[in-house]
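J.: Now for the letters of each chain:
2 protein chains.
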Amino acid sequence: MSSERLIYLPLGGAGEIGMNAYVYGYGKPGKERLIVVDLGVAFPDMDGSPGVDLIIADIAWLVERKDQIEAVFITHAHEDHVGGVAHTYAQLQAPIYARKFTANIAKRKMDEHGHPDDAVTVVGAWPEQISAGPFTVGFLPISHSIPESSALVIDSPEGRVIHSGDFKIDRTPGVGEAYDPELWADVCKDGVKALVCDSTNVFSQDPGRSEATVGPAIEELVSAADGMVVATTFASNVARVKTLAVAGDKAGRSVVLLGRAMKRMVEASLETGVMKDFPNVVSPEEARGIPRENLMLLVTGSQGERRAASAQLARGKYQGIEMKEGDLFLFSSKTIPGNEKGVIRIINQFSERGVDVVDDSSGNYHVSGHANRPDLETLHDVVKPQVLIPMHGEHRHLREHVKIADARGMTGVLAVNGMMIDLSGNQPKVAEYVETGRTYIDGSVQIGALDGVVRDRIRMALNGHVTVTVILDDEDEPLGDPWVDAMGLSETGKSGAPLVDVLEEDLSQFLGRSKAATLRDDTKLNDGLKRVVRQSAQEEIGKKPEVTVVVSRLS
Amino acid sequence: MSSERLIYLPLGGAGEIGMNAYVYGYGKPGKERLIVVDLGVAFPDMDGSPGVDLIIADIAWLVERKDQIEAVFITHAHEDHVGGVAHTYAQLQAPIYARKFTANIAKRKMDEHGHPDDAVTVVGAWPEQISAGPFTVGFLPISHSIPESSALVIDSPEGRVIHSGDFKIDRTPGVGEAYDPELWADVCKDGVKALVCDSTNVFSQDPGRSEATVGPAIEELVSAADGMVVATTFASNVARVKTLAVAGDKAGRSVVLLGRAMKRMVEASLETGVMKDFPNVVSPEEARGIPRENLMLLVTGSQGERRAASAQLARGKYQGIEMKEGDLFLFSSKTIPGNEKGVIRIINQFSERGVDVVDDSSGNYHVSGHANRPDLETLHDVVKPQVLIPMHGEHRHLREHVKIADARGMTGVLAVNGMMIDLSGNQPKVAEYVETGRTYIDGSVQIGALDGVVRDRIRMALNGHVTVTVILDDEDEPLGDPWVDAMGLSETGKSGAPLVDVLEEDLSQFLGRSKAATLRDDTKLNDGLKRVVRQSAQEEIGKKPEVTVVVSRLS
Chain A
1 MSSERLIYLP LGGAGEIGMN AYVYGYGKPG KERLIVVDLG VAFPDMDGSP
51 GVDLIIADIA WLVERKDQIE AVFITHAHED HVGGVAHTYA QLQAPIYARK
101 FTANIAKRKM DEHGHPDDAV TVVGAWPEQI SAGPFTVGFL PISHSIPESS
151 ALVIDSPEGR VIHSGDFKID RTPGVGEAYD PELWADVCKD GVKALVCDST
201 NVFSQDPGRS EATVGPAIEE LVSAADGMVV ATTFASNVAR VKTLAVAGDK
251 AGRSVVLLGR AMKRMVEASL ETGVMKDFPN VVSPEEARGI PRENLMLLVT
301 GSQGERRAAS AQLARGKYQG IEMKEGDLFL FSSKTIPGNE KGVIRIINQF
351 SERGVDVVDD SSGNYHVSGH ANRPDLETLH DVVKPQVLIP MHGEHRHLRE
401 HVKIADARGM TGVLAVNGMM IDLSGNQPKV AEYVETGRTY IDGSVQIGAL
451 DGVVRDRIRM ALNGHVTVTV ILDDEDEPLG DPWVDAMGLS ETGKSGAPLV
501 DVLEEDLSQF LGRSKAATLR DDTKLNDGLK RVVRQSAQEE IGKKPEVTVV
551 VSRLS
Chain B
1 MSSERLIYLP LGGAGEIGMN AYVYGYGKPG KERLIVVDLG VAFPDMDGSP
51 GVDLIIADIA WLVERKDQIE AVFITHAHED HVGGVAHTYA QLQAPIYARK
101 FTANIAKRKM DEHGHPDDAV TVVGAWPEQI SAGPFTVGFL PISHSIPESS
151 ALVIDSPEGR VIHSGDFKID RTPGVGEAYD PELWADVCKD GVKALVCDST
201 NVFSQDPGRS EATVGPAIEE LVSAADGMVV ATTFASNVAR VKTLAVAGDK
251 AGRSVVLLGR AMKRMVEASL ETGVMKDFPN VVSPEEARGI PRENLMLLVT
301 GSQGERRAAS AQLARGKYQG IEMKEGDLFL FSSKTIPGNE KGVIRIINQF
351 SERGVDVVDD SSGNYHVSGH ANRPDLETLH DVVKPQVLIP MHGEHRHLRE
401 HVKIADARGM TGVLAVNGMM IDLSGNQPKV AEYVETGRTY IDGSVQIGAL
451 DGVVRDRIRM ALNGHVTVTV ILDDEDEPLG DPWVDAMGLS ETGKSGAPLV
501 DVLEEDLSQF LGRSKAATLR DDTKLNDGLK RVVRQSAQEE IGKKPEVTVV
551 VSRLS
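The listed protein sequences derive, respectively, from chains A and B. UniProt numbering applies: residue 1 is where the first sequence begins, and numbers increase by one. UniProt numbering applies: residue 1 is where the second sequence begins, and numbers increase by one.
One or more of the hints may lead you astray.
Just a few of them, taken from the derived set where beta-carbon distance is under 7 Å, the chain A residues facing chain B [claimed, not checked]:
#1 H395
#2 R399
#3 L450
#4 H465
#5 V551
#6 R553
#7 S555
Some chain A residues well away from chain B (every beta-carbon gap over 12 Å; in silico) [stated by the list, open to error]:
#8 G30
#9 A125
#10 D180
#11 K189
#12 S210
#13 A217
#14 G316
#15 E432
#16 D442
#17 D476
#18 F510
Here are the simulated lysine-lysine pairs, DSS-like style, with alpha carbons at most 30 Å apart [said to hold, decoys possible]:
#19 B:K341 - A:K334
#20 B:K324 - A:K530
#21 B:K109 - B:K324
#22 B:K109 - B:K276
#23 B:K403 - B:K384
#24 B:K530 - A:K544
#25 B:K109 - A:K544
#26 B:K324 - A:K429
#27 B:K317 - A:K403
#28 B:K341 - A:K403
What the hints contain is simulated information worked out from the structure, not anything from laboratory work. For every residue, glycine included, the Cβ atom is placed at its ideal position computed from N, Cα and C.
Modelling step: build the complete structure from the supplied sequences, incorporating the hints.
T.: Here's what the structure looks like:
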C-alpha cells in the first residue's frame, strides 16, 4: 500500500449553509499537495455578530500550509462560494480557476481589493481539465440558480471524486446549462470514489421544479396588473431576472433595473455571453417620464436588506420613483431563515402605501435552486459513488443525507468542518480533527470570532456601558470626586436621581472607605470600582453594565 | 344628536402582533369614561431592542386620564394580553376583571410585583356582566389555544360592540370551551354596532383545524418511538399539553413536566378546574430511575429560547436528564417569525446528539389558535356588525381584513395604534390621532423606545466604544498623554501597532497643535478629540467607534 493518501477537509460549509471552503489533498501525510474548492462568505446578524461586515471560514490551517496549495477552484458565483476570494488572496496567493461568468465576478472582487485580476484564470467546461499537482480538475456543468454552476471532477491517483457544488436537476433552466444526464453518466461510468454532495434541500420530499415553470405564472400576474409592477429576486438568479424582464416586456412595460447587484449581474451575464436576448432596459430617469402602468422594475433586496432598493422603495422615493396605491410588489424569492423580520417589515411598509404584495406562499412565483431529496437520489444514481459525503448543510441536513446514503447502499460519511477524512483505500476514516472557526471581516480588518471583540459588543448592547474616571494625587489620595459617564442606560432609576449621580456618590463613598493598600494597587482599585458600579446600578436600575475604569495617577 | 360619543382607541396590537392594549370610551369628548381591554407585552430582540426585558405599549395617554378609567378587562392569559398588568398597575390603579383561569395567572403576576392580588376580580362567563361607568361588559366564551379565552360584549348607550379577543372556531377544543354558534347568535341577534376582530390568520385560506385533530397523530408518533420522547409546545396551550401527556400515558410512559411555565400552567389549569384528568406526573428525580423508553417529557422552549428547557436539553444535561441517540424530540408548535434561528440552532444541537427531531412541517402535530379567513367569515356572519375593525395584526393583516369586510357589506375601518375612532352615529370616523409608541421594561426601570438609550446600545454593538481621558493642568495645558481604552474593537489594525497606541499618538498630536482657545473650551475640545478618534480608527481599522471623552481639569 502506498504511503500517499487522499484527504477531504471541510473548513466551512459543512455544519452551516454559507462560507463554503473545502480542501482536498493528495500526498504523504502532512505533505499533501492541496487544492481549495470555493472561498465563500456568510452574513453576520445582530444576534451573534453585530457590526461585522462579512464572515469567512478561518483559513489558518491553509495559511500555515500555503506552500502546499496548488490552486483554488470556484464552482459558481454565489457569494457563499466566491465572496471570500479577494479577502483571502493576500494570505493564500494561489491561482484561482473558474468558468467565464464566475471568473468575471471573481475578477471584479479582486479589482475592488487591489489584487491582480489575472490571478483568476478562466476555464472551459468539461472535458477541459486543469492540472494542479497530483490532481486534475474539470468543471462539469450542472444546473443551479446562477449561470455556469459546475460540479468539479477531481482526479487523483486514488481515483475520481465528484464535488457537486450547488445544484438542482433542471433540464430547462432558462439561462445557463441544463442538467445533462448522458454527460454525467459518461463522466461517472468508470467508477467514482466519492461524491461530495449539496444537502440544502434534503428535507424537501417532492421532486424540484424547473426554472421554466415559473414563467407563465409570472407573465399572467404581470399582465393582469393595473399599476406599476416591481419584482425582486436574487440578482444572481439571472434566469429569473430574465423571466421577470420578459414578462414585463410582453405586457408592454419598460424594464428598469434598480440596485447595484442587479445591474452588475445582468452586465456580467451579457458580457460573458451566458445570457442573450435580454429586453431593452430604461434608466430610472427615463422611467419618470413613463406612465406607471407601463413600468416593470426589477430590484435588489429580496431578503428585506435595509439598504437595498426594495427597502428604500418601501420607505419612500428611490431614484425618483415612488410606489403608490394600486401598485404591485412581487417577491419572486424565498425568505432565508433569519431574514423573516426584515422581509415582513417591508411588506408592512408597502401595505401602508396601499401597495399589494405577492409573495411565494402560493408556490407559483419561485422555485429553489437546490436539489430536493428525489433529485439528490437522481444524482446518487448517476454518479454511483462508493462513498457519499454530504456538504452544504447544517448538521441536521448532513445527518439526514448520510442516512439516505446508508439506506441506498453507499457509505455515508458525516464530516463537519474540521474533520479531515482519509479517502484512501476501501474504507473512509477520520484522519484528524483540525481547528476551524469563523473569521470576521470587520471594517478593514479581520478578527477571530472567538477573540472577544464581538462578545464585548454584545455585552455592551445587552448591559450598557459605564466609564469611571478617578484621579489620584502623588500620595495616592483621590483628587476630587470620581467622574461617571453612562451610555445605553436609563438616565434615572429607583431613587429618581440621575443614575450617574448615584454612581458617583457610591464611588466616592467607596474611595473614602478604601485603605491605602487598595488605593495604591491598580488591580484592587479597578476591581473595587467596577464592583461598586455594577452593584449600585443593579440596585438602581436592575442592570449590571459593562465598566471601563480609568485611574490616572499624578505621581 | 347627543354630544356624548363612543370611542375606540388601540394603543398596542393594531399594527403588530403583540402588546395588545385597547381603549373604549363613552362620554363627552375629552371627558369619556374609559375601559381598557388587555395589557400585554411584546418580546424584544437583538436587532431592535437589545438588553430589553419586555416591551409594553406606551400608556402615557391613559396615565394622563387615570381618573377616567373605570376598569381593565383581560380577554385571556397569553402574555401578549395579560403580561403587562403588573407593570402598569402602579400607574393605572384600575380594577382588573378576568375569568377564573386568566385571573389566576394575573394574580400570580401581581403577587410577584408586590401588588395586591385582590385588584383582580374573577368574572363568570356570559350572561354575567360587569358594570363599568357607562359600560356593561360580559365575557363571551370562544375557543383559542388557551382555556377560557373570551370575547367581550361591550354595551354602551351607543349600542353593542363585540371585541373578539383571540379566537378560533373550534367545536372540540379539548380543554376549555367550544365555540357555541347558538350562544353567539343569541348575543348578536339584536344588532351589533361594531366587531373588533382578531386578524392574525387572515392570509390563511383554508378553514382552521380543531385541536382534536392533532391527538391521533401525536399518539401514533409517541407509541412508535423507541427511546425517550420529549415534546414542546406553548405551556399555555393547556389542551395541547394534555394531548401530549395523554399520548405519553397511553404509550405506557411516565410524564415529566420541565420548565417553570409548563408547571405553572398545568397547576393553574388544575387549580381553577379548567382542566381535569391530567395524567400523573413524575418529578425529574424520579424520572432518572425510569428506563428512557418509558419516559415522556413535556418541556418549555418551543421558540428556541436559550434558557428554556428545550435549549438546555439540546446543549446537555438538564435536571439530571440527557437526550441520546435514538431519542425523539417533537415540536408540537409553529415557529413565530423572528425565532427561526433559535429553533434551528437547537434542532442542529439535537442532530449532533443523534436525536431525531420532528417538527410541524407535515402539518400533523400542531394547529393554530387563530381563525383562518373562512373562520373569520363565520364570525362575521354570526355577529353581523355594521362596522368591522380589524385588530391583532400587522398593517398587512389589518388591511387585508378591511378588504374582506368591505367586500362582504360591512364598513371596514383600518385603525392602527393611536387612531381614535368615533363609533357614534351611522358612520365611523377618525376622531383624533393620539401619540403612541413602545415602552421598554429594562431591568427594573421603564424607558421609552425613542429615549435614545437603546439606540446607543445598538451603536456600541455596531461600532464598538472608545474612552478617551485627558487631564489638563490649571493652565489648561495637557498633563501627560491622553489615555485611550477600547471595547469591542480589533486590537490592531493596518499599521500592525496596537489600536489604542495609534489613537493615543494621534490624540497627543492633536492636543499639541491645539490652540489655547480650544483647550479652554470643553465643547470644542470634546468635539475635536472625538473627531480625531473616529478619523484615526477609520484609517486604522475601517470603523468609526462611539466615543466617550472625559476631560479632567485640575484648575
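J.: Taking the hints in turn, state whether each one holds.
T.: Results for each hint:
1. H395: holds, 4 Å
2. R399: Holds - the Cβ of A:R399 comes within 7 Å of chain B, reaching about 5 Å at its closest.
3. L450: Violated, about 14 Å.
4. H465: Since the shortest Cβ distance to chain B is 6 Å, the answer is holds.
5. V551: With a minimum Cβ separation of about 10 Å from chain B (threshold 7 Å), the hint on A:V551 is violated.
6. R553: violated, 10 Å
7. S555: Since the shortest Cβ distance to chain B is 11 Å, the answer is violated.
8. G30: At about 29 Å from chain B, A:G30 clears the 12 Å cut-off, so the statement holds.
9. A125: holds, 36 Å
10. D180: Non-interface label on A:D180 holds, nearest chain B Cβ at 32 Å vs cutoff 12 Å.
11. K189: At about 35 Å from chain B, A:K189 clears the 12 Å cut-off, so the statement holds.
12. S210: holds, 23 Å
13. A217: holds, 17 Å
14. G316: Holds, because the least Cβ-Cβ distance between A:G316 and chain B comes to about 16 Å, which exceeds 12 Å.
15. E432: Per Cβ check, A:E432 is outside 12 Å of chain B; nearest 19 Å; holds.
16. D442: violated, 6 Å
17. D476: The claim holds: A:D476 sits with its nearest Cβ about 16 Å from chain B, beyond 12 Å.
18. F510: Since the minimum Cβ distance to chain B is about 19 Å, A:F510 lies beyond 12 Å and the statement holds.
19. B:K341 - A:K334: holds, 16 Å
20. B:K324 - A:K530: Violated, at roughly 43 Å.
21. B:K109 - B:K324: It is violated: about 37 Å lies between the C-alpha atoms, which goes past 30 Å.
22. B:K109 - B:K276: holds, 24 Å
23. B:K403 - B:K384: holds, 16 Å
24. B:K530 - A:K544: The hint holds at about 26 Å.
25. B:K109 - A:K544: holds, 24 Å
26. B:K324 - A:K429: holds, 24 Å
27. B:K317 - A:K403: OK: B:K317 and A:K403 at ~26 Å, within 30 Å.
28. B:K341 - A:K403: holds, 24 Å
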